[in-house]
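One point on numbering: in our numbering, the residue at position 290 of the sequence shown is 292, and numbering is uninterrupted.
Hints listed in this document are in silico derivations from the structure and should not be mistaken for laboratory results.
Among these hints, one or two may not hold up.
[Unchecked claim] Label pairs and their calculated CB-CB ranges:
#1 Ala306 with Leu140: 23 to 29 Å
#2 Thr258 with Asp368: 56 to 62 Å
#3 Leu31 with Ala293: 27 to 33 Å
Where is the CB? At the ideal position from N, CA and C, for every residue including glycine.
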Amino acid sequence: MGNLTPRRPSRGGSGALGEWARPFGHSTLVAGCGVIALLAMQNSYLLPTLVLAIVFSIVVVGLDVQLGYARQLVFSQPVFMAVGAYSTGYLTSVQQMGTVPAFLIGLGISLVLAVVVALAVSRARGIALTIVTVFLVLILTNILSVTKSLGGTDGLAGIPAAAIGGHEISTPLQFGWLALVVLVLCVGVASRFVHSGTGVEVALAAESEEAARAFGVHVARRRLLVFVFAAVCADIAGSLYAQSQGFVSPDGFNITLAMNLLLMLYLGGKRSVIGGIAGSVILTFLPVVFAGIADYFLLVEGAAFILVLLVAPDGIVGLASTGVRRLAARWGVRFGRAHLSGAVTGEEATTPAHAATVDTVVHARDLTKRYSGITAVNELSLAVPGTGITAVIGPNGAGKSTFFDLIAGAQRSDAGTLQFRGADVTGEPDWRRARMGVARTFQRVRLAGELSVLDNVAAGSRLANKAGLVRTLFVPNLTRARRAAWRTLERMELSHLAAVRPGELTLANQRMVELARCLAGSPALLLLDEPASGLSDSQRSDLAQVLNALENVPVLIIEHDLDFVGALTDHVVVVALGETIFDGRFDELAADRGVADAFLSAGRHKANGESRTEDADRSLEAATGAPTGDG
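Given only the sequences and the hints, what does the whole structure look like? Please build it.
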């Protein structure tokens, strides 16, 4: 395997232009289709419907990022559409304000509201988040209905046409051009966002927030960024909606609109920036084209939603993409590797490096963790050397994984202190420790199923950890992260899997990819939680070979397989009942009476007239090759 330690890379920039290829392609495609549609319908009675479809598409683009990529199932889009619509409508009609200042004020209100709502529901996940946003819609529509200055239930009429730079945008065609420009910009931003290092972090957090934090992702900030982006798209669309219709009412922003927006997204295809646009166009035109069945349209919508979920969960675009891939496969054409060219070419990317070795990388003193009165870790102390592999073994329930979580920062200790490379990190969260150089694997593999192997490994580089929206849009951090990932995959002889999804891999390869993700960021400490679990003997041998080839990366490993541990290291720590009962050489294990008592039997039990401790003795003898003693 050679030296598997990621080298300290040098700066490089070639190949970065490829990171903007897909956003540019999406924007160009939408612009081209929009121009053709507007020109074709400029004299048609369907032109206002097309304009409305473009407006709804702007909302769905934001919803696609929020639901399709970040997996935030929300119904709050009508809320922010209403804020944009009513702000623009009220300020331009009642206060006689210009279009641009009215729009900016509405946008500011939406930004503040989005941040407040996102922070308020920051701990809500899944159905809880969905329910909260449903009630937001109900609350807002009630507020609008009783606010007389906004027209109450009658709505707000007489909203003037938009005027920008002294030019009035009064005809449907003119407004269509304006809406199309806004849509193209939103598509470009959304596509750039999801195809960036930040987008990879969002996808990883959607799969496993703990795994994302373990690689330096501030999950709450990423969730906030996604929520605000979707809210901004909805606000802009609301402003355009108000000035294109000249009238707004509470009924236009109810829960039915939220359901329609979701259907548009699912119909076109979530996780496809342009898929939702196709769904918006179809669903907006259907009531007009089939006006004869208007009374049954809600029934048709519901049936269509169910049909899409059952038959084509990836929507029309996903169905078409699958068909193209299958057709291409018959002709021997392969897709999915185009993005690798940017990762392979050019110099290596700059990743956070922690090359300087220290005598002790981790020093735990009297760490204690309790759960409802049960002590999982009891005043555990341990010093992990700055080089080599240290194995932590012990019976099930000994507190090993909890101890790992305390080191990684996934859990907070109730007592004791923890130093990492000489710095006190006792109170630091996991994402901050990850940025300091701690990398870990998990008992159950946690890879983002929607990402390629290359992008899963790229997440470990931590290059996008500090990127805000501006850096996300203009700095090619994903290209650099992919280069670091590609070099790591090459060194681990896994580059042939770069374009594959994790779900297509064997468990052994998934564990190797998870290890590669750790190594991509040049870690200062590698935590491996039962990496050999579920692997065959030959696969364990391959894994041991990889780990033994590591240089200058201190490793702390939890493992139950003593043969595997013996092939890796001489330094073993035994934990039982949350305490360290042995810290020494592997070949001294069998001679320790306390280890024999605790490792397999956790005390003396009689089974068929034979002491379970004798079973422990024989297991330790077989693994270590040394006779057990009485201690």
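Which numbered hints does this structure break?
none
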